[in-house]
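Quick note, the sequences are listed as chains R and U, same order. In terms of the working numbering, the first sequence opens at residue 1 and continues consecutively. In terms of the working numbering, the second sequence opens at residue 551 and continues consecutively.
It is possible that part of the hints are untrue.
Mimicking DSS-like on lysine-lysine, the simulated pairs with C-alpha atoms at most 27 angstroms apart in a straight line are [unchecked claim]:
id: 1; chain 1: U; residue 1: Lys845; chain 2: R; residue 2: Lys181
id: 2; chain 1: R; residue 1: Lys179; chain 2: R; residue 2: Lys201
id: 3; chain 1: R; residue 1: Lys331; chain 2: R; residue 2: Lys239
id: 4; chain 1: R; residue 1: Lys181; chain 2: U; residue 2: Lys751
id: 5; chain 1: R; residue 1: Lys439; chain 2: U; residue 2: Lys731
id: 6; chain 1: R; residue 1: Lys181; chain 2: U; residue 2: Lys731
id: 7; chain 1: U; residue 1: Lys995; chain 2: U; residue 2: Lys907
id: 8; chain 1: R; residue 1: Lys357; chain 2: R; residue 2: Lys447
id: 9; chain 1: R; residue 1: Lys447; chain 2: U; residue 2: Lys731
id: 10; chain 1: R; residue 1: Lys201; chain 2: R; residue 2: Lys78
id: 11; chain 1: U; residue 1: Lys989; chain 2: R; residue 2: Lys179
id: 12; chain 1: U; residue 1: Lys907; chain 2: R; residue 2: Lys181
id: 13; chain 1: U; residue 1: Lys995; chain 2: R; residue 2: Lys181
id: 14; chain 1: R; residue 1: Lys43; chain 2: R; residue 2: Lys121
id: 15; chain 1: U; residue 1: Lys751; chain 2: R; residue 2: Lys459
id: 16; chain 1: U; residue 1: Lys671; chain 2: U; residue 2: Lys786
id: 17; chain 1: R; residue 1: Lys331; chain 2: R; residue 2: Lys295
id: 18; chain 1: U; residue 1: Lys995; chain 2: U; residue 2: Lys892
id: 19; chain 1: R; residue 1: Lys331; chain 2: R; residue 2: Lys407
id: 20; chain 1: U; residue 1: Lys1009; chain 2: R; residue 2: Lys179
id: 21; chain 1: R; residue 1: Lys216; chain 2: R; residue 2: Lys93
id: 22; chain 1: R; residue 1: Lys459; chain 2: R; residue 2: Lys447
id: 23; chain 1: U; residue 1: Lys995; chain 2: R; residue 2: Lys179
id: 24; chain 1: R; residue 1: Lys295; chain 2: R; residue 2: Lys342
id: 25; chain 1: U; residue 1: Lys751; chain 2: R; residue 2: Lys439
id: 26; chain 1: U; residue 1: Lys731; chain 2: R; residue 2: Lys445
id: 27; chain 1: U; residue 1: Lys729; chain 2: R; residue 2: Lys445
id: 28; chain 1: R; residue 1: Lys459; chain 2: U; residue 2: Lys729
id: 29; chain 1: R; residue 1: Lys357; chain 2: U; residue 2: Lys731
id: 30; chain 1: U; residue 1: Lys1009; chain 2: R; residue 2: Lys201
id: 31; chain 1: R; residue 1: Lys459; chain 2: U; residue 2: Lys731
id: 32; chain 1: R; residue 1: Lys201; chain 2: U; residue 2: Lys989
id: 33; chain 1: R; residue 1: Lys439; chain 2: U; residue 2: Lys997
Covered stretches of chain U (in silico footprint by chain R; criterion: 3 or more residues with CB under 8 angstroms from a CB of chain R, positions within the stretch not fixed) [said to hold, decoys possible]:
id: 34; segment: 703 to 716
id: 35; segment: 719 to 728
id: 36; segment: 982 to 993
id: 37; segment: 1085 to 1096
A partial selection of chain U residues facing chain R, derived with a Cβ cut-off under 10 angstroms [claimed, not checked]:
id: 38; residue: Lys643
id: 39; residue: His646
id: 40; residue: Ala917
Worth flagging that the hints you see were computed from the coordinates, not collected in a lab. Every value quoted in this text rests on a predicted model; they were computed, and no experiment measured them. Every residue gets a Cβ at the ideal spot worked out from N, C-alpha and C, and that includes glycine.
What follows is each chain in one-letter form.
2 protein chains.
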Amino acid sequence: MPALEFQTEPARYRHWRVEYDGDVAYLIMDVDPAGGLGDYELKLNSYDLGVDIELNDAVQRLRFEHPEVRCVVIKSGKDNVFCAGANIRYLGKATHGDKVNFCKFTNETRLGIEDASENSKQIYICAINGNAAGGGYELALAADHIMLVDDRRSAVSLPETPLLAVLPGTGGLTRVTDKRKVRRDRADVFCSTEEGIRGAKAVDWRLVDEVVPNSKWKDAVAARAHEIAGRSDRPKDAKGIALTPLARKIEADRVTYSHVEVEIDRARGLATVTVRGPSRSTPASIEAAHALGDKFWPLAVARELEDAILHLRVNEAAIGVVLLRTDGDAKAVLDHDDFLGKANGDWLMREIRHYLKRVLKRVDVTAKSFIALIEPGSCFAGTLAELAFAADRSLMLIGTREGDNRKPAALTLGQANFGWYPMGNGLTRLETRFLGEPKALDALKGKIGEPIEAEDAAKLGLVTQAYEDFDWDDELRVMLEERTSFSPDAMTGMEANLRFAGPETMETKIFGRLTAWQNWIFQRPNAIGEQGALKLYGSGVSPTFNRERI
Amino acid sequence: MPALEFQTEPARYRHWRVEYDGDVAYLIMDVDPAGGLGDYELKLNSYDLGVDIELNDAVQRLRFEHPEVRCVVIKSGKDNVFCAGANIRYLGKATHGDKVNFCKFTNETRLGIEDASENSKQIYICAINGNAAGGGYELALAADHIMLVDDRRSAVSLPETPLLAVLPGTGGLTRVTDKRKVRRDRADVFCSTEEGIRGAKAVDWRLVDEVVPNSKWKDAVAARAHEIAGRSDRPKDAKGIALTPLARKIEADRVTYSHVEVEIDRARGLATVTVRGPSRSTPASIEAAHALGDKFWPLAVARELEDAILHLRVNEAAIGVVLLRTDGDAKAVLDHDDFLGKANGDWLMREIRHYLKRVLKRVDVTAKSFIALIEPGSCFAGTLAELAFAADRSLMLIGTREGDNRKPAALTLGQANFGWYPMGNGLTRLETRFLGEPKALDALKGKIGEPIEAEDAAKLGLVTQAYEDFDWDDELRVMLEERTSFSPDAMTGMEANLRFAGPETMETKIFGRLTAWQNWIFQRPNAIGEQGALKLYGSGVSPTFNRERI
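Sequences and hints are given; from them, build the entire structure.
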């Protein structure tokens, strides 16, 4: 199977287009039925992962390339149909792993839409003309405001349970109860009603925010979009920066970017991701940073790391453990953090920080073990120190290495570690880490900017283990042999539980609770067996269920 | 297969005994290796569902029969071993449904222990002499205080992932990170270390509260127990009441209790549970209520309803939908609530309310659709109205029935609906229901005690649908035909998500997140396939894993 590609650009879109009207952009879904990743037809604006990769790209470019856009209207480019949700043929043929990765990525895309509304004030609304079924309605649920045409035919629905014997896989159940706050018994009725709910009842049940007669539809959508655009704090007259194609070389066992390198050791089930610190000093001014555009180190590294993580997820499924390394000058990393911190009023710098946050969140929900290796020459500082805190474990070398005259490894905290990058649970990685020892966390604030060597880092609770040079190789080897020998499934479940202590949010509910139930159901014979509903959908044959309730 | 029996009593225990020392009780686990429910040996204090049914009974009796007990010490009756966790042969042979129901019940038992510590101030501590592995340590985690003997051999461990390719199934991962607040990377090391962690390191890592040398063990445990007993607010010189055997008749399609009746319609996959209101008025005094003992209506109905729910769960797996009916005088129900409310300072009345809370929580996590039917003659009032709010849907009859001269159905709110029975998410069922409309909830407080008929109840959002007599039968029939035609697995996943909106707690994390991941893993070939770890454990053959990370 060819490697799946997450990089794209508008000129290559087959399923989406964007139209601009001043401070409003229309993000138009017009799926090419023949443009699926596999051998199936994408009818009625149904989608597969390829369609969502374009959506993700479009959302991302709107934030970086179109600062003037204050409201984004998601709508359909087809008459009388909004979106039929995930394509059933695609789901029916997909492996379990494909389905799980598909749902994970589409969930991230929708959370990215919510992040744009909340944190970039590029506020999404959804204008539903026609049926929004399943994933179609879940896409709408990601918007801040949902409009539905009132034409006695257009409806919203989550028909997965009655039709397909699976759950809405992209946050639908959680957003219905927790974002829209639909009453639970109505949610139950809604989710078991194939044809969905339309008109005034959809408003009354909180499923949509307004319904508009067909005759007034276009004007009402435009008016609402401009009104919502007025609530945004985005700058006037700002100029976007271009997200140019990544400089990337893919070889058999290696992917090389400008600041990130991925080495694959398939025999051991291991990958090593090395992130390099800035190769030049911070720009002289905010304007100079804008002029650097996507070559500005924090943005470049975010894009490359994101691509590397997504690549490992879907194209290297048998890699169970990822070693995280950094290479470079800690001070240069912290200088860049300082630059971002000071320029926080600038829209682009704000975007970059939120983007780094989203990339780190992708690490948090990736089903691989992450082990950070903190060695001489590394630059785990500030933003890059988050990688060590995102890892399941971190190992740090005490002192120097024989034959290596570099200084002992140090980990350096920065302001970025104290609030810039909340996890899905709403806490920073350090807050989550020190949930039981808030005083230890307070003490760490006093250490900002101070290089912390291994034994101190271990004492402060910042790393899992510290080893001297003569123990390092053996300890690491034993740990990796052990880790890669465990059941991949049990590791996935264990990590999904241990990574998110403390409060739950809609986001952790979606990834932690809903996803887990969906994964379970995606394996049940009632869904995927020869007589299962997902297998038989559209064949004219009714599924046969094992009626046991579990 | 014979029906599984949840009722037992100390005289019939094979695995536990209780010893009393003033205000301290020792709950001693001494599993009879030959006493398993199936054909396997319960070595090293390992357990199956039968062992946990006794534990549940013992915890319950301590609360009702032994008000003098202020601290309960869980310990092992065997030398040098505390508890090896769930029996692997049992798990290896169990069906998927058996495993899921086993984990659910053991989770409820451990939450019941925490409820006793928190709300009855019958505070549990755990004294670990020997190894506490897997479910053994999870049992300890339910205690408020964990003591470990420091003998260079006794350890706590969660070896499920490395040994069995499954997760700790009884809340272990969640309690390690969220209750004990163990640092996430240490939790990762702990959960992948077969032999576990012992001595001072176990304290340092927050896995236990104290370690004690063997020479001082017995005295230290007794001293700690008496010290903790001193913190309790339980009454002096109170006299317990006996939980006598339930009056219950089991027939082929019917289970009859004194106030509860279960009718089974296997052809339709339906059960009807009817709860009868009090047949006599409230006792003249608290003393009189004590004298009634387990015949006091609120307690009797709690015990019977609990048994009925557990029976349906494990002995009637193919029943997907449960109709909830009540029968009796709403005023008598509310009078009993008032009695409980006024006597809230009394330890027994407090116990009864917390017990009703736990029984209602069992409904919340039962994998069956609950539909409340509110008809003339019913008594959905106060405590019994919670059944309607616990249901996935509620249907209410408008007006009277032809040929039935009873008054129109009414639903009556009482003080019990506004705080007595929080769900696992910490909110009342009404708070959860009206998450999106807090003002509607406020308005309902003004309606306490006022019978609300169908159309008003629908308007107030208290019921899902209201139908007139001539529509009722058809609407109900269509809904039930539809509901019972859906995939049982999808319904389970849907209900598990829709029932718990709003905040998450350790309890909802355990049932919503951890359980779902565990259920997923319990189906994976890496665990249960012919080459899976759970299947091969103890055979001397190593498992063969599909290495794909999902």
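Here is how each hint holds up against the structure:
1. Lys845/U x Lys181/R: Between Lys845/U and Lys181/R the Cα gap is close to 41 angstroms, so the pair fails against 27 angstroms, i.e. violated.
2. Lys179/R x Lys201/R: With a Cα-Cα distance of about 18 angstroms, the restraint between Lys179/R and Lys201/R holds, given a limit of 27 angstroms.
3. Lys331/R x Lys239/R: This hinted pair is violated, its Cα atoms lying about 30 angstroms apart.
4. Lys181/R x Lys751/U: With a Cα-Cα distance of about 45 angstroms, the restraint between Lys181/R and Lys751/U is violated, given a limit of 27 angstroms.
5. Lys439/R x Lys731/U: Holds: Lys439/R and Lys731/U sit about 14 angstroms apart, inside 27 angstroms.
6. Lys181/R x Lys731/U: Since the Cα atoms of Lys181/R and Lys731/U sit roughly 31 angstroms apart, the hinted pair is violated (cutoff 27 angstroms).
7. Lys995/U x Lys907/U: holds, 20 angstroms
8. Lys357/R x Lys447/R: OK: Lys357/R and Lys447/R at ~22 angstroms, within 27 angstroms.
9. Lys447/R x Lys731/U: Status holds; Cα separation ~23 angstroms.
10. Lys201/R x Lys78/R: holds, 25 angstroms
11. Lys989/U x Lys179/R: Holds, at roughly 17 angstroms.
12. Lys907/U x Lys181/R: holds, 24 angstroms
13. Lys995/U x Lys181/R: holds, 20 angstroms
14. Lys43/R x Lys121/R: violated, 33 angstroms
15. Lys751/U x Lys459/R: With Cα atoms ~13 angstroms apart, Lys751/U and Lys459/R stay inside 27 angstroms; holds.
16. Lys671/U x Lys786/U: holds, 13 angstroms
17. Lys331/R x Lys295/R: Distance of about 19 angstroms is within 27 angstroms: holds.
18. Lys995/U x Lys892/U: holds, 18 angstroms
19. Lys331/R x Lys407/R: holds, 14 angstroms
20. Lys1009/U x Lys179/R: holds, 23 angstroms
21. Lys216/R x Lys93/R: violated, 42 angstroms
22. Lys459/R x Lys447/R: The given pair, whose Cα atoms are some 13 angstroms apart, holds under the 27 angstroms limit.
23. Lys995/U x Lys179/R: holds, 25 angstroms
24. Lys295/R x Lys342/R: holds, 19 angstroms
25. Lys751/U x Lys439/R: holds, 20 angstroms
26. Lys731/U x Lys445/R: Holds, at about 20 angstroms.
27. Lys729/U x Lys445/R: Distance ~25 angstroms between Lys729/U and Lys445/R Cα, so the pair holds.
28. Lys459/R x Lys729/U: It holds: about 23 angstroms lies between the C-alpha atoms, which stays within 27 angstroms.
29. Lys357/R x Lys731/U: holds, 24 angstroms
30. Lys1009/U x Lys201/R: At roughly 14 angstroms apart (the allowed maximum being 27 angstroms), Lys201/R and Lys1009/U satisfy the hint.
31. Lys459/R x Lys731/U: holds, 17 angstroms
32. Lys201/R x Lys989/U: holds, 20 angstroms
33. Lys439/R x Lys997/U: violated, 47 angstroms
34. 703 to 716: The restraint on the segment 703 to 716 of chain U holds, since 6 of its residues have a Cβ under 8 angstroms from chain R and three suffice.
35. 719 to 728: Three-residue rule met by the segment 719 to 728 of chain U, so holds; n is 5.
36. 982 to 993: Answer holds; 6 residues pass the 8 angstroms Cβ test.
37. 1085 to 1096: holds (count 3)
38. Lys643: violated, 17 angstroms
39. His646: It holds, given that the least Cβ distance between His646/U and chain R is near 6 angstroms, below 10 angstroms.
40. Ala917: holds, 5 angstroms
When each numbered hint is compared with the structure, violations occur for hints 1, 3, 4, 6, 14, 21, 33, 38.
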